[in-house]
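> In order, the protein sequences belong to chains A and B.
Residues 1 to 360, numbered by our numbering, are exactly what the first sequence covers, in order.
Residues 1 to 353, numbered by our numbering, are exactly what the second sequence covers, in order.
To be clear, the hints were calculated from the coordinates, so they are not data collected in a lab.
On a predicted model such as this, the values are computed, not experimentally measured, just so you know.
Please note that the accuracy of each hint is not assured.
What the hints assert, rightly or not - Some chain B residues near chain A, calculated using beta-carbon distances under 8 Å:
no., residue
1, Leu70
2, Trp105
3, Trp126
4, Gly137
5, Ala143
6, Gln147
7, Leu151
8, Asn153
What the hints assert, rightly or not - Okay, derived cross-link-like pairs now, BS3-like style, lysine-lysine, Cα gap no bigger than 30 Å in a straight line:
no., chain 1, residue 1, chain 2, residue 2
9, B, Lys88, B, Lys28
10, A, Lys265, B, Lys73
11, B, Lys73, B, Lys88
12, B, Lys73, B, Lys31
13, B, Lys216, B, Lys28
14, B, Lys45, B, Lys312
15, A, Lys265, B, Lys28
16, A, Lys265, B, Lys146
17, A, Lys265, B, Lys338
18, B, Lys146, B, Lys134
19, A, Lys265, B, Lys219
20, B, Lys28, B, Lys134
21, A, Lys125, A, Lys265
22, B, Lys31, A, Lys265
23, B, Lys146, A, Lys125
24, B, Lys219, B, Lys88
25, B, Lys141, B, Lys73
26, B, Lys31, B, Lys134
What the hints assert, rightly or not - With beta-carbon atoms standing in for the labels, derived distance ranges:
no., chain 1, residue 1, chain 2, residue 2, range
27, A, Arg157, B, Trp138, 52 to 60 Å
28, B, Arg335, A, Arg157, 38 to 46 Å
29, A, Ser174, B, Asp22, 36 to 44 Å
30, A, Ser159, B, Trp138, 50 to 58 Å
31, B, Ile294, A, Ser159, 22 to 30 Å
32, B, Ala11, A, Tyr347, 29 to 37 Å
Ideal Cβ positions, reconstructed from N, Cα and C, are used throughout, including at glycine.
Residue strings, one per chain:
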Amino acid sequence: MATTAVTRPSAEAAPTLRQRLRAFFGNYVVRKILKALITTWAVTTFTFFLIRLLPGNPIEQFVNQLIVTYGIPYNEAQDQASALFAIDFDRPIGLQYLDYVRNLLRGDMGMSILSPGTPVTDIIKTWLPWTIFSVGTGLILSFISGVVLGLLMAYRRDSLFDHILTLYASIMTSVPNYLIAIIVIVFFGVQLEWFPIAEMRGVLSPGIEPGLSWTFIKDAIFHASVPVIVYTITGMGGWMLTMKSSTIGVLEEDYVTISRAKGLKDSRILTSYVGRNASLPIFTQLAIAIGFVVGGSVIIESLFQYRGIGFTLLQSVQRRDYTLMQGVFLMLTFSVIFANLLADILYSWIDPRIRLEDQG
Amino acid sequence: MAQNDYSNMIAADVDAPLRLEDISIYYKTAKGRVQAVRGVNLALKAGESLALIGESGSGKTTLGLGIVRLLVKTAVIQGSITYRRDQKEVEVLDLAPEALRQFRWQQCAMVFQSALNAFNPVLRVWEQIWDTAKAHGWRDKEAVRKQALDLLNFVQLDADRVINAYPHELSGGMRQRVLIAMSLLLNPQVLILDEPTTALDILTQRTIITLLRRLKEEKNFTMIFISHDLAIAAELADRIATMYGGRLVEVGPTDQLFYSPRHPYTLGLIRAVPTVTGGFEELSSIPGSPPDFINMPSGCKFHPRCAFATEKCSQEEPDLEPVSNGHYAACWHWREVKVEVDRWNEVRAAAAN
Numbered sequence: 001m002a003t004t005a006v007t008r009p010s011a012e013a014a015p016t017l018r019q020r021l022r023a024f025f026g027n028y029v030v031r032k033i034l035k036a037l038i039t040t041w042a043v044t045t046f047t048f049f050l051i052r053l054l055p056g057n058p059i060e061q062f063v064n065q066l067i068v069t070y071g072i073p074y075n076e077a078q079d080q081a082s083a084l085f086a087i088d089f090d091r092p093i094g095l096q097y098l099d100y101v102r103n104l105l106r107g108d109m110g111m112s113i114l115s116p117g118t119p120v121t122d123i124i125k126t127w128l129p130w131t132i133f134s135v136g137t138g139l140i141l142s143f144i145s146g147v148v149l150g151l152l153m154a155y156r157r158d159s160l161f162d163h164i165l166t167l168y169a170s171i172m173t174s175v176p177n178y179l180i181a182i183i184v185i186v187f188f189g190v191q192l193e194w195f196p197i198a199e200m201r202g203v204l205s206p207g208i209e210p211g212l213s214w215t216f217i218k219d220a221i222f223h224a225s226v227p228v229i230v231y232t233i234t235g236m237g238g239w240m241l242t243m244k245s246s247t248i249g250v251l252e253e254d255y256v257t258i259s260r261a262k263g264l265k266d267s268r269i270l271t272s273y274v275g276r277n278a279s280l281p282i283f284t285q286l287a288i289a290i291g292f293v294v295g296g297s298v299i300i301e302s303l304f305q306y307r308g309i310g311f312t313l314l315q316s317v318q319r320r321d322y323t324l325m326q327g328v329f330l331m332l333t334f335s336v337i338f339a340n341l342l343a344d345i346l347y348s349w350i351d352p353r354i355r356l357e358d359q360g
Numbered sequence: 001m002a003q004n005d006y007s008n009m010i011a012a013d014v015d016a017p018l019r020l021e022d023i024s025i026y027y028k029t030a031k032g033r034v035q036a037v038r039g040v041n042l043a044l045k046a047g048e049s050l051a052l053i054g055e056s057g058s059g060k061t062t063l064g065l066g067i068v069r070l071l072v073k074t075a076v077i078q079g080s081i082t083y084r085r086d087q088k089e090v091e092v093l094d095l096a097p098e099a100l101r102q103f104r105w106q107q108c109a110m111v112f113q114s115a116l117n118a119f120n121p122v123l124r125v126w127e128q129i130w131d132t133a134k135a136h137g138w139r140d141k142e143a144v145r146k147q148a149l150d151l152l153n154f155v156q157l158d159a160d161r162v163i164n165a166y167p168h169e170l171s172g173g174m175r176q177r178v179l180i181a182m183s184l185l186l187n188p189q190v191l192i193l194d195e196p197t198t199a200l201d202i203l204t205q206r207t208i209i210t211l212l213r214r215l216k217e218e219k220n221f222t223m224i225f226i227s228h229d230l231a232i233a234a235e236l237a238d239r240i241a242t243m244y245g246g247r248l249v250e251v252g253p254t255d256q257l258f259y260s261p262r263h264p265y266t267l268g269l270i271r272a273v274p275t276v277t278g279g280f281e282e283l284s285s286i287p288g289s290p291p292d293f294i295n296m297p298s299g300c301k302f303h304p305r306c307a308f309a310t311e312k313c314s315q316e317e318p319d320l321e322p323v324s325n326g327h328y329a330a331c332w333h334w335r336e337v338k339v340e341v342d343r344w345n346e347v348r349a350a351a352a353n
């Protein structure tokens, strides 16, 4: 820099295009966004080809269904199917891919193969909010309760309270949540009849229209309540354990002892000194967990017959609805990548140490 | 506990800002009681600085933490700590949690060894200063800020920059100075400095020592230095107290303790430090290692490592007794130590010529 200044003093004022580009791509956020875009493209491409490698295609699945349910001969069934769906599977797969990408760039995910005339975006728009509502509520509840309990567990380390909750948390993290869901359905729903499991199927009771009415809100909560409880009690465990170990680490830090020596109030130490530092690593995890809100619900939604995006995904896979599968997978990818991006940016924002390192 | 001249004298020193009487601290562990401090009597004079020296594990840091009651939950402290300011006396060990919280930092501030990690990494220096002031009832942000800037200037930092910095933006020496500045914020009467220079490089150590010296000369705090570094103790302290195995084994004015130690352990510590004028042949380390706190030796705790030890030493533990004016040592054989020290001083004087 110094030599340039001597030989070409004017160069200092106006940076070259190359320098500008370097500054632009060197920027933390820009770099992260670029990576996210590349990842999205790669995953989209992989899903496109992978789902076509699955045995059977939508027409075959439909034909099989016709044969099984109506006993129609194979040829006849195939004619019916071809008449119903306007897809050409003979077109080279590379060209199909190019079509797909071209449409996608225009924001068009195509029509559902098995529900002709219905755009994939419409299907996603219809069912996604229900999943976001139920899994999101579960995530918020489990995160808050997990973090608070984890903090208390660390403060009361080795007490009975800690031992019982650690056991609970370990069970919840090691047992898959759908097993807990099955236990809830069979034990509390069917045997004890604490809640009407059959009535709670679906996202709304018949005849209820979405809108800003109390009946609608009440009904939506009624249908989502058991899945949300399952998400909460199972999700809590992980947050509790992470928060506990993170808090124990922070409690041993010198600045906590010194804050006590300084005579700070216990409440202030708990929140700004212990809590804030202990939750730093957890925020990244939270952001990532937000990404899995969309995809983390497939089995639970099927178990409770709760019609969200997970349920839709399972159906589309069973029926090989390529376009719908592509659409939902794209949503999953997008939310996970976006959440990771959010985690990176959020972390650099809450931890001043990271902010500085990346300015260099 | 046998009452003796020394402990009676401490008990009689009613004007002392800080008076420790018969302080014992033990930790409850799975293996049994670990007696870290035993029967320490000490009275600080107003404005004096006292150095507490000893090897690692001699109980000096435990004692320091005990004074502000920051010991871990498994520790039990017994005895009496009387704190006195403006004619008002409090028994520190009887303070209720809220009163104890107020006592800390406002009356008695403690500067810790590991300044590198002394600050909350997510808060700026100013926020941490304001937190401290607020916790002690300050409401005037501007006044606190002005006071903080003055103190940061006093510790020779670029106050305007440092006050808005995050801890990771400061070097180790700067952080230590910020911590010292912070300890002065509420104008406490007593300052406890636990190894204030240990984790720093030699040049930074020098800056901190100069700073502490100015602090002593200009601000007139009553200070306790906890250190294993005799040179620093000699430079900063008016009096030195040597600890061994959780006990005070020698107390006296700095000069006397340095040039005429009367306890073999103090003598050993002094001889273990190289001098600029002396040759290496004079250097000797103390044989053996600090005592096992669970299985303490009988009698004088130092006798297994002591060159002067006799049968009596392994059976009876000596109390502090006066060896000269204001100078006390807990050794059965301090007179023999005196002979040895005199001989050594002569050799050194001869070598210097």
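> Taking the earlier hints as the rules, which of them does this structure contradict?
Going through the list in order, the structure violates hints 3, 4, 5, 6, 7, 8, 9, 13, 14, 17, 20, 21, 22, 23, 25, 26, 27, 28, 29, 30 and 32 and respects the others.
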